[in-house]
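Asks: Construct the complete structure from the given sequences, taking the supplied hints into account.
2 protein chains.
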Amino acid sequence: AMEKSYVSMFLLLIAIPCTLAKDVGKKETKETTVKPKLPQTLSRGWGDQLIWTQTYEEALYRSKNSNKPVMIIHHLDDCPHSQALKKVFAEHKDIQKLAEKFILLNLVYETTDKNLSPDGQYVPRILFIDPSLTVRADITGRYSNRLYAYEPTDISLLYANMQKALKLLKTEL
Amino acid sequence: AMEKSYVSMFLLLIAIPCTLAKDVGKKETKETTVKPKLPQTLSRGWGDQLIWTQTYEEALYRSKNSNKPVMIIHHLDDCPHSQALKKVFAEHKDIQKLAEKFILLNLVYETTDKNLSPDGQYVPRILFIDPSLTVRADITGRYSNRLYAYEPTDISLLYANMQKALKLLKTEL
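The listed protein sequences correspond, in order, to chains A and B.
Plus 26 on top of the position in the first sequence (first one is 1) and you've got the working numbering.
Plus 26 on top of the position in the second sequence (first one is 1) and you've got the working numbering.
For the record, the hints were derived by calculation from the structure and aren't laboratory data.
Even for Gly, the Cβ is constructed at its ideal location relative to N, Cα and C.
Check before you lean on any hint, since a few could be wrong.
Unchecked claim - DEER-style ranges, computed between Cβ atoms:
| no. | chain 1 | residue 1 | chain 2 | residue 2 | range |
| --- | --- | --- | --- | --- | --- |
| 1 | B | Lys190 | A | Pro178 | 45 to 51 Å |
| 2 | B | Ala186 | A | Lys119 | 51 to 57 Å |
| 3 | B | Glu126 | A | Leu192 | 39 to 45 Å |
| 4 | A | Gly146 | B | Asn93 | 28 to 34 Å |
| 5 | B | Gln147 | A | Leu183 | 55 to 61 Å |
| 6 | A | Ala110 | B | Lys127 | 35 to 41 Å |
| 7 | B | Gln189 | A | Ser182 | 53 to 59 Å |
Replies: Right, dumping it as C-alpha cells:
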C-alpha cells in the first residue's frame with residue numbers, strides 16, 4: 027500500500043527578495059543551467075578557512091555542545107548587497123579571526139523557524155543565537171525597518187555585535 | 027528591550043544511533059577536536075562529481091522547480107554501515123550516473139520534518155520525494171523493521187528504487 031505524506035513546509039517555500047537592492051526588476055530566483063564549480067563548499071566565499079555547518083539543526087546541536095554562539099548569515103548569490111557584504115566580511119581579518127569563536131552557518135534558503143525572521147525574510151540578514159538556544163533579537167544593526175541587515179559600511183558595528191554575542195546569556199532555569 | 031525567542035526545535039535534537047551497527051558500544055555523538063579538512067564539501071564522499079544541495083528546504087525548492095525527485099541520504103561519519111554503503115554508492119558508476127537525475131541531499135543531522143522518518147531515525151536511511159512534494163514511503167529496501175535502510179549488498183535494489191523514483195507520480199489536483 028502506498029502511503030503519501032505531503033510535506034508540510036511546502037507553503038513556506040517562497041523566494042526571498044533582496045529587499046535592500048535598488049534593482050527590484052528581478053524578483054524571481056531562477057534555476058540556472060550553469061553547473062556550479064565542483065565540489066561545492068559550505069563557506070560560499072564568506073571565509074574559506076573557517077568551519078561552516080551545513081544545516082540549522084547541526085548549528086544548534088553544535089552550539090549547545092560547544093557552548094559557542096551561532097552566527098547565521100542569510101544571503102543570496104544574485105543580491106548585490108549580499109555580495110558586497112560578503113566581500114568585506116571575507117577580507118576583514120579581525121572579523122575572520124573572531125568568527126572562529128562562533129558556530130557558523132550561511133544560508134540561501136530560509137528555514138521553517140520563524141524565530142530567524144523576527145522582522146521579515148530579507149537578505150542580507152545576520153542573527154545570533156546563544157548556546158541556551160535563545161535568538162539574540164537584541165543584537166541589531168542600524169536600520170529600523172530591517173533590524174538584522176548590514177551594509178558593507180556597517181562592518182565595524184557587525185564586529186562589535188559579534189563581541190556582544192560572545193558574552194553569553196545566563197541560562198534561566 | 028530584550029526579546030527572547032526560545033528555539034522550538036530544541037527537544038528534537040537527539041543523537042541518532044547507528045542502529046544497524048553491531049557495535050553498540052559508542053552511542054554518543056562526540057564533538058571531536060580534530061578540524062575537518064578545509065574546505066568542507068557538500069558531497070561528503072557520496073559522489074564528489076555530483077551536485078549536492080545544502081539543506082532540506084533547498085532540496086524541496088529545487089525539486090519543485092526542476093521536476094526532479096529528491097534523494098535524501100541520512101548517514102553518520104562514525105557509523106560503519108553508513109561508511110560501507112557510501113563506499114559502494116560512490117564507486118558504482120551506474121548509480122552515480124543515475125544520481126544526476128535527482129536533487130541530492132545527504133544529512134548527518136535530522137530535520138524537524140517527521141515525514142522523513144516514517145519508521146524511525148536510524149542510519150543509513152534513504153528516502154525519495156516526488157516533485158509533487160510527496161514522500162515516497164512506498165520505495166523501500168529489504169528490512170521490514172527498517173524500511174529505508176540499505177546494506178552494501180543491496181546496491182542493486184537501491185539502483186532499482188532510484189529508477190522507480192524517477193517515474194514521477196501524477197499530481198492529483
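Asks: Okay, Glu126/B versus Leu192/A on CB: inside 39 to 45 Å?
Replies: Once the Cβ atoms are compared, 43 Å apart, the range 39 to 45 Å for Leu192/A and Glu126/B holds.
Asks: For the pair Gly146/A and Asn93/B, does the Cβ-Cβ distance stay inside 28 to 34 Å?
Replies: Check passed, 30 Å falls within 28 to 34 Å.
Asks: Measuring from beta carbon to beta carbon, are Gln147/B and Leu183/A in 55 to 61 Å?
Replies: At 41 Å between Cβs, range violated.
Asks: Between Gln189/B and Ser182/A, is the Cβ distance one that fits in 53 to 59 Å?
Replies: holds (56 Å)
Asks: Given a hint of 51 to 57 Å, does the C-beta separation of Ala186/B and Lys119/A actually sit inside it?
Replies: The hinted range 51 to 57 Å holds for Ala186/B and Lys119/A, with Cβ atoms some 53 Å apart.
Asks: Is the gap between the beta carbons of Lys190/B and Pro178/A within 45 to 51 Å?
Replies: Check passed, 50 Å falls within 45 to 51 Å.
Asks: Could you say whether the range 35 to 41 Å given as a hint is met by the Cβ separation of Ala110/A and Lys127/B?
Replies: Given range 35 to 41 Å: holds, Cβ gap about 37 Å.
When each numbered hint is compared with the structure, a violation occurs for hint 5 only.
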